[in-house]
Each structure stands twice: as structure tokens, then as C-alpha cells.
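Heads up: the protein sequence lines correspond to chains B and U, in order. At position 260 of the first sequence the residue is numbered 275 (our numbering), and the sequence of numbers has no breaks. At position 115 of the second sequence the residue is numbered 117 (our numbering), and the sequence of numbers has no breaks.
Honestly, the hints are just simulated from the structure, not real lab data. Worth double-checking, as some hints may not be accurate.
As the list claims (entries may be wrong) - Simulated DEER-style distance windows between Cβ atoms: (1) U/311 x B/206: 30 to 36 Å; (2) B/141 x U/308: 38 to 44 Å; (3) U/308 x B/249: 53 to 59 Å; (4) B/42 x U/160: 30 to 36 Å; (5) B/147 x U/67: 50 to 56 Å; (6) B/31 x U/211: 45 to 51 Å; (7) B/105 x U/126: 28 to 34 Å; (8) U/71 x B/241: 56 to 62 Å; (9) B/105 x U/250: 41 to 47 Å; (10) B/194 x U/56: 54 to 60 Å.
What the hints assert, rightly or not - No more than 30 Å apart at the CA atoms, straight line, and that leaves these computed lysine-lysine pairs for DSSO-like: (11) B/159 x U/114; (12) B/98 x B/249; (13) U/114 x U/231; (14) B/101 x B/53; (15) U/304 x B/87; (16) U/114 x U/91; (17) U/304 x B/136; (18) B/89 x B/159; (19) B/199 x B/53; (20) U/276 x B/140; (21) U/276 x B/131; (22) U/231 x B/131; (23) U/311 x B/101; (24) B/159 x U/304; (25) B/98 x B/131; (26) B/136 x B/159.
Note that beta-carbon positions come from the ideal geometry of N, C-alpha and C, so glycine has one too.
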Amino acid sequence: MSEAKEAKTQGENRKVKIQIKDVSFDYVDQKTRFGALKDVSLDIREGEFICILGASGCGKSTLLSLLSGLNKPKSGELLMDGKPIKGPGIDRAVVFQQYSLFPWLTVKGNVLFGIKQSGRKLGRKERSELADSYVESVGLASAKDRYPSQLSGGMKQRVAVARALALESEVLLLDEPFGAIDPKLRLELQELVSKLCANYHKTVIFITHDIDEAILLADRIVVMEPGSIRSIHKVRLPHPRVREELSGTEEYERLHRQLISAFYDQVEDKIDAGVTL
Amino acid sequence: MKSFFRLERGMYLELFLATALMIVDVILTLTFPYFTTHKAYYDSGAYIVVLLVSYLIYVSYLFWAKKKSTNDVAVVLYGFFLLWEVAYKLGWIHNDLLLPSPEGLFHVFVEKAPEISKDVWGSIQLLFWGFLLAATLGTLLGLLAGWIPRVREVLLPISNVITLIPPLMFSAYLIMILSTFRQAAIAVIFFAVFWPTFQGTVIRVGQIDRQIIEAARTMGVGTIGMLWKVIFPYCLPGIIGSISKSLRGAFMCLSGAEMLGINLGIGYFTEKYKSFADYRCVLAGIVTVGVITTVIDLAVNKAQRAIIKWEK
């Protein structure tokens, strides 16, 4: 791993793509403040792969819904390229946990929908070829004419990723995309996403509750506790990362230990955490 | 792969039974025309054609679908016809004015062929235009109301009241105030179809998976795109699925309206011969309505399967 590559993965000198400034959020229709956020701040640099790690109910999906523009913060602001996020837009593509494909469209049809929404001026033939190439990039070329109901969970999420890529946005938001997929397939999908996001130079925010998933994918891991950010951990492992090669290395073990203690709220190991907020 | 000409063993017995019932009926009809005490005698040609054609459809469907229930239906059907025929021939039915023989009933379709075909065509045309208008408008307004809460809150309470009133009650009034029978008939169908279609569409829009809508919103889909490119295709199977039900309702109302005073259509045909006390023709009219609704039903189901290739 060269110095240049190291600098790139860390992205310290790159400009800030997304700024989350003192953001708070409440669910107004519920008496309990379940999943709410209080004064959360975070800067995300261009090309960074951020994993937001937390137990269910800590507000990580809420944070993503604010970034996607589907919800508006109660106070504070979210900026992208210095401009406030006002609502959903094609500059931020979203991959949901499941059930977000359009069931009346084929695999290719779903991807074409993304291409059409991206607003690029393309002929029918160019669009079709582009859709084929995205379908191929997620390894579904042979299933491109199938409908979502004819696909397995893993294949559906591949389509969702392809559709999100087809929007050609600079930012990709993924909300526990592989949470419902069985572990063996999940690993394949993680490697696919890691590869594609690097190829297409995306700024990625990836929500997960899986520590290994976070270590495998992220440049920085943001651990959340209910309502706020608990700690941020830099991942100094070289890309591309392979699961089998990672486990056992010193950096991996150290990070894993840190994350487990942060995740399970153990005070004695807190000192090890990279940055504590 | 199963051969087309093979059936399960038990099915042959019932096929034989149904065939025997049908053949005995045909023989009875042909050979005992004069063994009755009734004066009226009708040519049995039409009845025999009905028996043979239905038999042909039954056997080909049996071999195609290979379902036991097909046999059961055939046995019941031919058993019923045979019983009717026997009852008639043995003189159990005394008044053939009120209950004609099966050959008498089906002979109406030969005697009154031009009249019936004209009336059926008339009914279908009315049905087509009324239905097209009501279903299109009902769906469009339903999509709008389903998506925009403010529109829904105005229209849904109104439709809740109106759909509770039997559409036939409007008919008498509509027939009176509208200048032509054609307009009146279309208006009746419109009332019978519009509100249920509207309500069904609103409900279907409400049941859309939130993830689908959110996914569309994050892809920058606006209001019109949402209605046309997301909500409409998502609801289309449900909309088509409800067509056969609302068509049946429409046909029921149309027949009713025709009997109430519209001077064309198959309902009018039935009503007219009722006043002439020609119950043979009345029964023929009823049979015709049954046949038309069945054909419409089959056609719609077929179309649905052809159009909708996906499932949720």
C-alpha cells in the first residue's frame, strides 16, 4: 500500500462533501423519543466511505432519512457542497433495506427508471446499453428480464444498488442494505459494493449494525448511541479488503475490540477509541 | 410430461356418465317428439346444437385442464337437462306456457335471432361506452384522491354516501330526466361503475408500500410522475382485477334499467315478452344475460393475465 493510496483512502486533505451541523430530530407522532437525534454533527469528505454503526433504535436510520431529505430536521442543518438539503433529490441516491424495487418493472426496467430520472439526455438505444452495463456490473446480466418477485433477496439488493448507481449521483446512502441477507451472500454483496463505490468514486454513507461489515467497508466508522454520536474510528486497513485476510491482523483486532466496547457501552476501553465526542 | 389424451383412471368413469346422460337426452329429444300431451312442439335443432357444442367445450376443457370438477359440473348439467326433458316428455310439467321444454326454450334463439342479436349488440354498446367513461374517470379521480389528502377528504365522504344507495334507484329518475334512452342507459352504467371504481382506487393507492413511494421520491419523482409512473402501474393489477366485478354490476344495472323503460337491449327484450306472457322468450333473455356475463368475465380474466406479467 503506497503513501498516495493511503492518503486517498483517508481523504484528509479533500473538501467536505456533506456537513451535518447540530442536527436534532423528534418523531412528533410518538410520545417516546424513539430513534430521535440530539445535536448531531459530522463532516463527511468527498469520496469517503462512512459506516454508521449502532444498535437498532439509536437513530442511525433517522440520520439517513434526514440526509436523503425524506425527513426534515427539527433544528440544525444538513449541507451538501455547502448548500442546505431541502428534500429528496437525485444528487443523493438511496438504497433501502428491502422492498424498494418497483415490482411492475423488470430488473433492467428498474435500472432504466433510474437512468431516466437522472435527467441525462440520452437516446433510447444509449439508455438501454447503459442499463445493460449497470445490470452487468452487479452480476445480473442473465436475470435482466426477470421481475423482482422472481428474484432472491440478495439479487433484489443487487438491483437496488444498480438502480442507485444509475442515478449517477456523487453521494450514495445505504440504509442497512444487507441486513436481511444471509451471511454468505452478504459477504459477496459487501465486496461488490466496496468495489463499485471505489470505481465510481462515490461518497458513501452506509448504515449497519454489523461490526465486521463496517470494518470491511469503511474509511471511518461512526458509532452511535441513542440520539447521538458516541465515537468515530478511522479504519487504517488497505483496500481492497478481503475478509479472510483481515481477521487476525493486529489493526483489525484492535479496531474490532474498540468497536465492540463502544458498541456495548463499556467504559474501561473507551480510552482506546480514536476520537471521542 | 403428461399426454393430452390421458386422464386419471377415475375420471374416465365420470366422463362416460356425462356422455351417456347427454346422448340419452339427445335420443330422447329426437325420437320421442310426439309422446307428449302438450300441444306446442318446437323444432329441437337448436337444443341439440347447444348440447353438442357444450359437450365439445366440456371434453376439450377436461383433457386440457384435467380437473375432476369439470366432470362433476358436466354430470350435474346433463343430469339436469335430462331430468327436465324427461319431466316434460312424461307430462309432469302441465303448463308449458310457464315452463317450456328445453327445446322450446332454445328454439327462441332461432325464431328471434335478429331481434336478440340486435338487442345484445345494443346492450354491449351501451355497456362499453358507459363503462369506459366511468372506469376511466373513476380511476383518474381515485388516483388523485388517493394521493392528495385534501382531495380525498372532500370526495371520500361523498362517495361513501352515494355508494350506499342502490344504483337502480337512480335509474328510474335518470331515465325520466334524460332526453334519450341511450343517454339514460349510459348514465345508469356510469353511476353503477364510477363510485365503486373511485373508492377501490383510493383504497389501493392507500395500500402502496411506503418504501416504494420513498424510493421514488429519492429518485426525484414529482407529483405527476408519482401518479403516472409509480402509483398507476402499481395499482394497475388491482384496477384490472376489479373490472370484471364492476362490469357485472354494470350489466346488472343496465338490464334493470332496460326493464324500467329503456327501449332497447336484452333487458328490454325480456321485459317486452313478459308483458306478452311469452315466458319462453323471458327465459331465453335470462339465459342470454348469463351467457354474456360469463363471456365478459372470461375475456377480462384472459386480458388481465396477458397484461399483468408481474406479481407483488
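Check your understanding: Any hints this thing doesn't respect? Which numbers, in order?
Key -> Result: hints 2, 5, 6, 7, 11, 13, 15, 17, 18, 19, 20, 21, 23 break, sorted rising.
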